[in-house]
Amino acid sequence: MSGVPFAILRHASTAWNEERRLQGLTDTTLSPAGEAEARRWRLPPPADGWPRMSSPLQRARRTAELLRPAAAVTVDPALREMSFGTWEGRTIAELRLTVGERFLEAERRGLDFQPPGGESPRAVMARLARWTTRIAEAGAPIVAVSHKAAIRALLALATGWDMTGRPPHKLDWRCVHFFTVRTEGGVAVDRINVPLNGAS
Numbered sequence: 001m002s003g004v005p006f007a008i009l010r011h012a013s014t015a016w017n018e019e020r021r022l023q024g025l026t027d028t029t030l031s032p033a034g035e036a037e038a039r040r041w042r043l044p045p046p047a048d049g050w051p052r053m054s055s056p057l058q059r060a061r062r063t064a065e066l067l068r069p070a071a072a073v074t075v076d077p078a079l080r081e082m083s084f085g086t087w088e089g090r091t092i093a094e095l096r097l098t099v100g101e102r103f104l105e106a107e108r109r110g111l112d113f114q115p116p117g118g119e120s121p122r123a124v125m126a127r128l129a130r131w132t133t134r135i136a137e138a139g140a141p142i143v144a145v146s147h148k149a150a151i152r153a154l155l156a157l158a159t160g161w162d163m164t165g166r167p168p169h170k171l172d173w174r175c176v177h178f179f180t181v182r183t184e185g186g187v188a189v190d191r192i193n194v195p196l197n198g199a200s
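If you count the sequence shown from 1, position 57 lands on 57 in the numbering used here, and the numbers rise without skipping.
The set of hints was computed from the structure by calculation and includes no laboratory data. Be aware that a few hints might be false.
[Unchecked claim] Okay, the calculated beta carbon distance ranges per label pair:
1. P167 <-> P195: 38 to 44 Å
2. K170 <-> D27: 41 to 47 Å
3. T183 <-> A93: 42 to 48 Å
4. R182 <-> R96: 36 to 42 Å
5. R108 <-> R42: 18 to 24 Å
Built from N, CA and C at the ideal position, the CB exists for glycine as well.
Kindly generate the complete structure, drawing on both the sequences and the hints.
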């Protein structure tokens, strides 16, 4: 399979992550634990030598800056998190309780799950498809720091998962994931859950 490789990882932890709150486009900062976590992370080869890109949200930008080896970071809005609209700042457990059946029905829609005033995974998938096309056109590998819902949408793009039922791969959010933009079109999984300890 020929194509252009790229790697992607989720930002380190924030206080809202620790409280299991939906963050979306809310511009939260890394928690002290998240800062310490990101300082320990080291990209494995070959990603350790690739240009670095980040979502514009500060939790992702800060993670990209702290990753070793140090490198300049380019911001790309395509890597931003999915908007959770009016549900941002709330937990899934709270929404299941307070929104009730309407929330459960929204969850069952998979790629077409859409919070009030928010964005669907299908829309995020389309945004990331345009981003991967730009990578293919540039012909150069990159490593990107993004967000959980965005990376899940990328996994759906690569595998055809409709986001109902279990994902085809269980993603470890403290690892980096390698994909390939295929020359003939589309995105494919290369290696999932590669540790951020510098070992290839």
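- [ ] Indicate whether the distance between the beta carbons of P167 and P195 respects the range 38 to 44 Å.
- [x] violated (20 Å)
Open item on the list: The hint says 36 to 42 Å between R182 and R96; measuring C-beta to C-beta, is that right?
Closed with: Since the Cβ atoms of R182 and R96 sit about 38 Å apart, the hinted range of 36 to 42 Å holds.
Open item on the list: Can you tell me whether the CB distance of T183 to A93 sits inside 42 to 48 Å?
Closed with: 44 Å Cβ-Cβ, so the 42 to 48 Å window holds.
Open item on the list: Quick check on a hinted range of 41 to 47 Å for K170 and D27, using CB atoms only.
Closed with: For K170 and D27 the Cβ distance comes to about 28 Å; the hint is violated.
Open item on the list: Can you tell me whether the CB distance of R108 to R42 sits inside 18 to 24 Å?
Closed with: Violated, at about 40 Å.
Checked against the numbered hints listed earlier, the structure breaks hints 1, 2, 5; every other hint is satisfied.
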